[in-house]
Amino acid sequence: MVRHLLIPLIAIAIFLGVWSAAAKNIQTSLGELPGPVAVWQQAGALLDEHISERAKAAAFYQRQEERNAAKLAEDPAAEVKIRPYTGKPTFIDQIGTSLFTVATGFILATLIALPVGIACGMSATLYTALNPLIQIFKPVSPLAWLPLVTMVVSALYVSDDPLLAKSFVNSAITVTLCCLWPTIINTTVGVASVSKDLLNVSRVLRLGWFTKTVKIVLPSALPLMFTGMRLSLGIGWMVLIAAEMLAQNPGLGKFVWDEFQNGSSSSLARIMVAVFAIGLVGFLLDRGMLLLQRRVSWDRNAVLR
Amino acid sequence: MTQDRQRTGSTRRRFIKHTTLALAGLLLLGGQTQAAKLEKEELKFGFIKLTDMAPLAIAYEKGYFEDEGLYVTLEAQANWKVLLDRVITGELDGAHMLAGQPLGATIGFGTQAHIITAFSMDLNGNGITVSNAVWEEMKSHLPKGKDGKPLHPIKADALKPVIEKFRKEGKPFNMGMVFPVSTHNYELRYWLAAGGIHPGYYAPHKGDTSGQLKAEALLSVTPPPQMPATLEAGTINGYCVGEPWNQQAVFKGIGVPVITDYEIWKNNPEKVFGVSAAWAEKHPNTHKAVIKALIRAARWLDENDNANRAEAVQILARPQYVGADVNVIANSMTGTFEYEKGDKRAVPDFNVFFRYHATYPYYSDAVWYLTQMRRWGQISEGKPDSWYMETAKKVYRPDIYAAAAQELIAEGKMQAEEFPDFATESGFRPPQTGFIDGITYDGRKPNDYLRQFAIGLKDKEQI
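Protein sequences, first through last, are from chains X and D. Heads up: the first sequence begins at 13 in the working numbering, then just goes up one per residue. Heads up: the second sequence begins at 355 in the working numbering, then just goes up one per residue.
For reference, chain X alone in the conformation it holds in the complex (with noise of 0.2 Å):
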């Protein structure tokens, strides 16, 4: 009890004391570098922005309502829809735009990677044609796919009324692209060391090919397979956080990238809020994947960390 909760009190304590110490000495173009209290100000600030934003909103739907029922009033047949509210998107949406974001690019990369992952695994002779692409294609940063990706989509996403923006479509996919890579590595490797012992069992009752994948190579490889995807999310995430800051593509990455540009004097209290939010949301989904993984893992004595 003492060590897991007094020594982490404790490291956090010292952060905080250094932090606050070493801000104040550093005098930065827009003022102090912000310590402690001043950035949880900016986050009690950013929460009352969310608040307010709200009422807002709240009065931009009466607004319209009462406009659309001015409309029908006038002429029954009138078309009248309720638009989504076009104010700013707080820290708070933010943060929901950008977890949207990363999960769509992580599923979409996961189910492309898992079964080429397997195929690889299961054949050497896939894996040693697809080995120097994913060797090539794997350390390439987002920065380098994201103009690519922009403007692929932009030429070949045309729609008058598109379902999803085109923003979140470069961003997802600039994700995508970047978190394949540990998936598809470590499932090969899983898949490629199951034990020898398992396949000759396999081999002794007849397995048919689909029946030894399901029972037998996947179930041994899961350990591997959610490391893997782990590491992708974890990287997925931030990738997100670069690739919206560059593309100014809606998300917390936006955020931090207006606020430097902003450059008020709580600019940089601002960004430090967000350094926390993306920090925490990243250990937040690492959590969240490891309790997945202890879920469907078969090995219950495997230290997982």
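If you're looking for bench data, these hints aren't it; they were derived computationally from the structure. It cannot be assumed that every hint is accurate.
Cross-link-like lysine-lysine pairs, in silico, DSBU-like; alpha carbons within 30 Å at most [stated by the list, open to error]:
no., chain 1, residue 1, chain 2, residue 2
1, X, K100, D, K493
2, D, K391, X, K68
3, X, K36, D, K435
4, X, K178, D, K435
5, D, K493, D, K503
6, D, K636, X, K93
7, D, K398, D, K767
8, D, K435, X, K83
Per the computed footprint, the stretches of chain X lying under chain D, defined by three or more beta-carbons under 8 Å from a beta-carbon of chain D, are [said to hold, decoys possible]:
no., region
9, 137-151
10, 240-252
Beta carbons are placed, not taken as given, at the ideal position from N, Cα and C, and that holds for glycine.
Since the structure of chain X is provided, determine the placement of chain D on it from the hints.
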């Protein structure tokens, strides 16, 4: 008199049209505002974090867009290139643009796309800032007034020896501007050239779009909000940008604004509201409604001798718009400008949004931009005067503006006196003086105008 009769005539025609088309009740209630069906009601406009985006913010905050039945989202963009590309691809319905952008895109300098404008967003609003080190050296070459402060306007003559010193030491003299076809690029070049400093040529036909051929001062692109940070990092020695990014340099103590664009050319045209020609063709009524809202917003900004500016500053300081501190934005928006720290001077027309017919898209403004594109080689071959006129007419659309204005007058929201006389307006301002080098500009004679410059391409000259 004739104009009055015309107006009554058009009202009567519209009245007859309505009675035949619609129910009498509908006419009574909505005959004015719902006169035309909007093709699109949900719109997204882009802007760059600069105080001259104010008409957009005001039209949103004061409900002028909603009055027209428009649901508008405003979105800050990373830089002018991203903004233009997004208007072209249709991600944005329209945007706050550099006046040179619709012209440059339409003639195919940089990205090729037909962009038009029916609304000019403001006059003036820029400044040129140099780093503290450069200012220290410039100071010794400046004439001083009785109070010991340097005499304004400061000419680039004082910068020339500084640049020569840089060159002797083998160091490049770098300056930032915001986009190759930006007002800032042309203003900075104008100021430098007026002081005998060559800012360099473009040669797009040879694939050279750096704009640094034969240059004594090397100009390069930096997005507006990044200017102070880039100056602070020492990458550039000075820049030309819109507000609040000159005042920000004063507040941060990293640079000194030496001149405003008002002193380079009194009441020069600045930003425009641009949409793609295809969009405008598809959404004529929506377009008109947008222009109506923007005209009202611009009027609000200048009303009663700038009485609303303080409120405008509060709005612009919100993080979703410009986001800089209130006192930084207020410095220029409320009619003063702070040069060297503590040297605050009155520049009542620093940023004009409505008076002097600021919102009307004059052909002569378009032609001026085209002359500067020609002067610096962005247009590589000499063109006849008629070409300038045709290009201006392709991009600047006072007809749409006039239609919007007339609706506002008919609805009683504006007075006819607040606009140019549409019946007689030619779209050309009378020959303009008020340039720092004393040259007169007549929009009807672009080639004659170009011939007056000592530095710059003219007639058939080519790089």
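Structure-based check of each hint:
no.	hint	verdict
1	X:K100 <-> D:K493	45 Å, violated
2	D:K391 <-> X:K68	27 Å, holds
3	X:K36 <-> D:K435	38 Å, violated
4	X:K178 <-> D:K435	17 Å, holds
5	D:K493 <-> D:K503	10 Å, holds
6	D:K636 <-> X:K93	21 Å, holds
7	D:K398 <-> D:K767	25 Å, holds
8	D:K435 <-> X:K83	40 Å, violated
9	137-151	violated (count 0)
10	240-252	violated (count 0)
Going through the hint list in order, the structure does not satisfy hints 1, 3, 8, 9, 10.
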